[in-house]
Structure formats: C-alpha cells, structure tokens
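There are 2 protein chains.
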Amino acid sequence: MSVLVVGSTALDSIKTPKAENPRLLGGSASHASVAASFFSPVHLVGIVGDDFPKRYIGLYKRHGINLEALQTVPGKTFHWAGEYEVNMNNRRTLTTELGVFETFSPKLPKPLEETPYVLLANIAPALQHHVLDQMRQPKFVIADTMDLWLNIALADLLKLLRRIDAFVLNDSEARLLTKDENLVSTVRKIHRLGPKYVIIKKGEHGSFLSSPRGFFLAPAFPLQKVVDPTGAGDSFVGGLLGYLASRGGSVDAHLRNAIVYGTAVASFCCEGFGLKRTTRISRQAIEERVKTLRKLVAF
Amino acid sequence: MSVLVVGSTALDSIKTPKAENPRLLGGSASHASVAASFFSPVHLVGIVGDDFPKRYIGLYKRHGINLEALQTVPGKTFHWAGEYEVNMNNRRTLTTELGVFETFSPKLPKPLEETPYVLLANIAPALQHHVLDQMRQPKFVIADTMDLWLNIALADLLKLLRRIDAFVLNDSEARLLTKDENLVSTVRKIHRLGPKYVIIKKGEHGSFLSSPRGFFLAPAFPLQKVVDPTGAGDSFVGGLLGYLASRGGSVDAHLRNAIVYGTAVASFCCEGFGLKRTTRISRQAIEERVKTLRKLVAF
Chain A
3 MSVLVVGSTA
13 LDSIKTPKAE
23 NPRLLGGSAS
33 HASVAASFFS
43 PVHLVGIVGD
53 DFPKRYIGLY
63 KRHGINLEAL
73 QTVPGKTFHW
83 AGEYEVNMNN
93 RRTLTTELGV
103 FETFSPKLPK
113 PLEETPYVLL
123 ANIAPALQHH
133 VLDQMRQPKF
143 VIADTMDLWL
153 NIALADLLKL
163 LRRIDAFVLN
173 DSEARLLTKD
183 ENLVSTVRKI
193 HRLGPKYVII
203 KKGEHGSFLS
213 SPRGFFLAPA
223 FPLQKVVDPT
233 GAGDSFVGGL
243 LGYLASRGGS
253 VDAHLRNAIV
263 YGTAVASFCC
273 EGFGLKRTTR
283 ISRQAIEERV
293 KTLRKLVAF
Chain B
3 MSVLVVGSTA
13 LDSIKTPKAE
23 NPRLLGGSAS
33 HASVAASFFS
43 PVHLVGIVGD
53 DFPKRYIGLY
63 KRHGINLEAL
73 QTVPGKTFHW
83 AGEYEVNMNN
93 RRTLTTELGV
103 FETFSPKLPK
113 PLEETPYVLL
123 ANIAPALQHH
133 VLDQMRQPKF
143 VIADTMDLWL
153 NIALADLLKL
163 LRRIDAFVLN
173 DSEARLLTKD
183 ENLVSTVRKI
193 HRLGPKYVII
203 KKGEHGSFLS
213 SPRGFFLAPA
223 FPLQKVVDPT
233 GAGDSFVGGL
243 LGYLASRGGS
253 VDAHLRNAIV
263 YGTAVASFCC
273 EGFGLKRTTR
283 ISRQAIEERV
293 KTLRKLVAF
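Protein chains in written order, with my numbering: chain A, 3 to 301; chain B, 3 to 301.
Some hints here could point you the wrong way.
Unchecked claim - List of simulated lysine-lysine pairs, BS3-like, C-alpha gap at most 27 angstroms: (1) K198/A with K198/B; (2) K191/B with K191/A; (3) K204/A with K191/A; (4) K198/A with K227/B; (5) K204/A with K181/B; (6) K198/B with K297/A; (7) K198/B with K181/B; (8) K297/A with K227/B; (9) K191/B with K204/A; (10) K293/A with K227/B.
Treat the hints as calculated values from the structure; they're not laboratory data.
Only a predicted model underlies this, so the values are computations on that prediction, with no experimental measurement involved.
Whole structure, please, built from the sequences with the hints as guidance.
Okay, here's the thing in structure tokens:
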C-alpha cells in the first residue's frame, strides 16, 4: 500500500569537522520519502522554489516518488545550514532561510486523499494539521516533530497528538514535552496526550517503542564512522512507515520489524552527506543490515 | 564453579535529590559479591576497619559469601560520600576517606588461589595485579575500573589489560582511554591493548560486548524509578561473572546470557539505596526480569 509524506523539501549546507557540503538535497520529506521508497510507493507533498536543482527532481523520480503534490513556485527553496561538533551529537544551526516555505499551503490532488499510510514528517504542526484535514480516514498516521515546534507551536502540536496513531520524537524532545527525565514515565505521559504508539529516538542508543503490546527496545546499527547524521531521524520514520505499508494488515504485528527496517535505512543515511549514501543502496543491502541487527541483540 | 571477588568494601553515604542515606554497605566488592552470590559460591577479598557494622558481616553471610579473605584491622573502614543530581546520571564525590584501605595488601588463603573465575572489581590496578599474582591459572579473569585509575594509574592499568580475559568499563571511560568518540573504533582499540572481551557499560542505554563471536548489544531494564544507581556497574559485572561460573564450559557460549543476567541484577540495585533492594530479591525475581528483557528486544 502507498505512503503519503508531507514535510520539508530543502537545500542543506552541512559542515562537519572534516568537510563542508553546500546545497545538498535535504529536508524531512526528502529523507523520509527516499527511505520509504525502498518498500512502498510514495507520494511526496512539499514545495520548492525555481532555484531547485533539476538533478534533485531526477533523484526523487529514480526512487519512483510521485511528485504530483510537489509544488514548484517562484522564489527560493528552503535553505538550512548547520554545523556538527566532533562527537556528531551536537549540532548548531547557522542559517535558516524559509524561502517559499513561508507561503506553503499543501493541497492534495483528489486521489491522494485516500492514501492509507500517512507520514507527517517534521514541519510546522499547522501544516501537519492542514494535510491531515484533507485525508479521508487513513489507516495509520504517524507524526514526527522537533524541539522548535515544542517551543513555538506547542498548542498546535498538542492538538495534533489527539489526531494521530503514532508519535515519533527524540529523547531530549520527550523530556522537554513532559518535563520528566525518566524514559518510561515520559512515554506514559505522552500516551495520555493521545497517541497509541510512542517511539522515542535515542540516536546511537537506538529507539524505544511503547505500544499496546508493551515496550520494544530497538538497537542502533553500530557504525564505525558517522559522516553526517542529518536526516537520520527522517530516514528512520520514513523507512519504518514504508515497511509497515508494504506489509499491510495489523500494525501491532509488524511495527517492531518496521522499526528495525527504519533503523537500517537510517544507518546508511549517517554514512554519507545528505542523501548521498542512502540513494546508492539497494533493498538487499537493507536486508543484510536487518540480519546483522537481529544477530546483534540475540541471546 | 566459584568466583573470587577483590575490590573495595566500604561505607557509602549517598545523597539524592529525594533522600540522604549515611553509612550504607557499599564498595565494588560488596555489590559485586552479593550480585554473584545469586548464581555461584563467592569468595570476597577485601579489608574493613574495626568500625565496620556487624550487621553488614551478617548480610554477607546470609548471601553465603565466604569471608576468609576479608581482613578486619584496627582503624576506619573506607568511606565514600557522594551526591546525585536530578537526572541520576551525574554524581559528584563529596568525601573519600581511604581509612584502612591505605595499607591494604590482599593475601589469599591457599585454597582460594585456585578459584577458576576471578573478578578484579573496581580498585587500584596495583591491588588488582597483586591478587592476580597469587592466582594459579584461573579459567577466566574479568576486570572493572573507573576514570580515577585512568587518570592516576594508567601505566598499571595498561599492564593489567595484558593479563586479563575481559575488561569492563563505561562509555565515558572508554572514550577517555582511547581518545576516541566512536564506540566501535573504541572497542577495537581496547582489544589491541589486550583483552579478548571488551564490555562497555552505557548505563540506561544498556551495554555493548565485543568478542570473537562479534558484537552484542544488551538492553538495560526500563525502570520507571531510579532510587540510587551506586553499585549498579559492580552488580552488573558481579551478576555476569556469577552466572558465567554457574554455567562453566565455554565462555563464548554463555557470555551473552551472562550479560543479561548481570543487567537484571543491576536493575534491582538501582531500585534501592546501597544494597537494600538487591539483598531482598530472589533468583526467581532475576529470572523474571531476564524473561522481560528477552521480550523487550524480540523482533
């Protein structure tokens, strides 16, 4: 079954202690869509300016991503510039230029309104609502977020939590949202805000699912070298939902595996700048990492 | 088979944001010995002063711990006082009074020299050497350490690494030792220093084993409430070695399970001050947590 992804479509300029890469293809929707495309047909909802490089459109297309709902308008594409510190866990934003995103009002073509799996990737909660308003009884809706929205759009975000099945956020965001340091009580508090499934991303420490079937701890893939973690979280949730859509049926039956598939795709994302590594892998390479992850936690 | 544990035997005064507990039974050897005692006979090697409370001797004995090599001498028992911050990951030392530890020179009774499983719990590397010098071809030697020895006794510690089978340390200590931020390359560097097995403790994020059979990621037990994490690392390695000794045979065949058993015991340790919770559990309670851990990571 197919997946609808709404989120940012951006150009990312990324600086690490070892290298500098200007104007890479980035944005939450780009990473999530490419990740999901290994498993299911993807419809991308986003906006770019007329400066958006043609080769990036080609890249989306090579992944079979449907671009019917990608608007191209006069103006500049959303541009983010950031810098990572040595340990790659800390990053700081150097520039954020919203460009055409300032006036973005996603409008879904009729057939897309019935897409069964919906990913509200990281973007302003108001836009996540706006897309959800246009959907007709989706089977499963998952939303991601970032600390920015917890700080400047909390009311919108809280309203969103009542409308979605699953919520994905990282551990520091979970603490910020709940004012709680303990992971277990944090997820319990988030359930009370609405979502049936809560998934906490812990970066190099893997991820944690709380669901009606209990807790699940997923490992991260042990990487000897992290080149650029930008988009890893988006790749994770995109791979997760793409896999889930490919299986159909009961979410509970497939969610643990879906998280592990998302983990595998995210690990590739970290091994190259932007989408450079992710766009070069195959489904087979993902399967191999899933097999490795299975061995890694077996006892 | 039996386990020999050398380490500190101390009185701990522990302050957390919620409570204060003076002169609890503490020290690496105390925590590790009690943890190991759920699985195997334990010989404790340590030293206490004549102020050491009789009830703590009774506690060791109730766990069947052999105290033949616990010296009692005139003077004060080693006393450590520390304070935890709200998130329980940061602690600071308020006082360290070595007392009788300043002149400690462990001497093993003849029969103990042949103990097959040896735990060199956290203590000065010179003392770990001194005990190892007295052992006759132990089957398996595991050593723990702390950042203090990396800073003030590095040469001794590096010599020790050439003499042991397994080395346990936490993630920040591993980074300090190798001057490397990446976990995978960190363990590779530590292997080159000697140990065949390297186990990195990651606190609430579980632990990581690197061995000839590859990597193993063990989960931490998800606790809703951490009362006092002091001694959790010692409980972990004590439970691990106690379990391993109880199985005998090939280390490689049992080490993953041993790590999970150590994890389970360590989780109880965190639920009470000092050894209060650990001393009240049963083998059955440990088995139940191991079962929960198995379900937690299954996919």
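Do the hints match the structure? See the list:
The hinted pair formed by K198/A and K198/B fails the criterion: a straight-line CA distance of about 44 angstroms is larger than 27 angstroms. A C-alpha spacing of about 41 angstroms is found between K191/B and K191/A, which places the hinted pair above 27 angstroms, so the restraint is violated. Taking the CA atoms of K204/A and K191/A, the gap is about 18 angstroms. The hint holds against a cut of 27 angstroms. Only pairs whose Cα atoms come within 27 angstroms are accepted, and K198/A paired with K227/B is accepted, the gap being roughly 23 angstroms.
Taking the CA atoms of K204/A and K181/B, the gap is about 23 angstroms. The hint holds against a cut of 27 angstroms. In summary, the hint linking K198/B to K297/A is supported, as the alpha carbons are separated by about 20 angstroms, within the 27 angstroms threshold. Using a Cα cut-off of 27 angstroms, the hinted pair K198/B and K181/B holds, with the two alpha carbons roughly 20 angstroms apart. Taken as a hint, the K297/A and K227/B pair is broken in the structure, with Cα atoms around 30 angstroms apart against an allowance of 27 angstroms.
Proximity of K191/B to K204/A is assessed by CA-CA distance (about 25 angstroms); at most 27 angstroms being required, the pair is judged to hold. Restraint check: the Cα-Cα separation between K293/A and K227/B comes to about 34 angstroms, which exceeds 27 angstroms; the hinted pair is violated.
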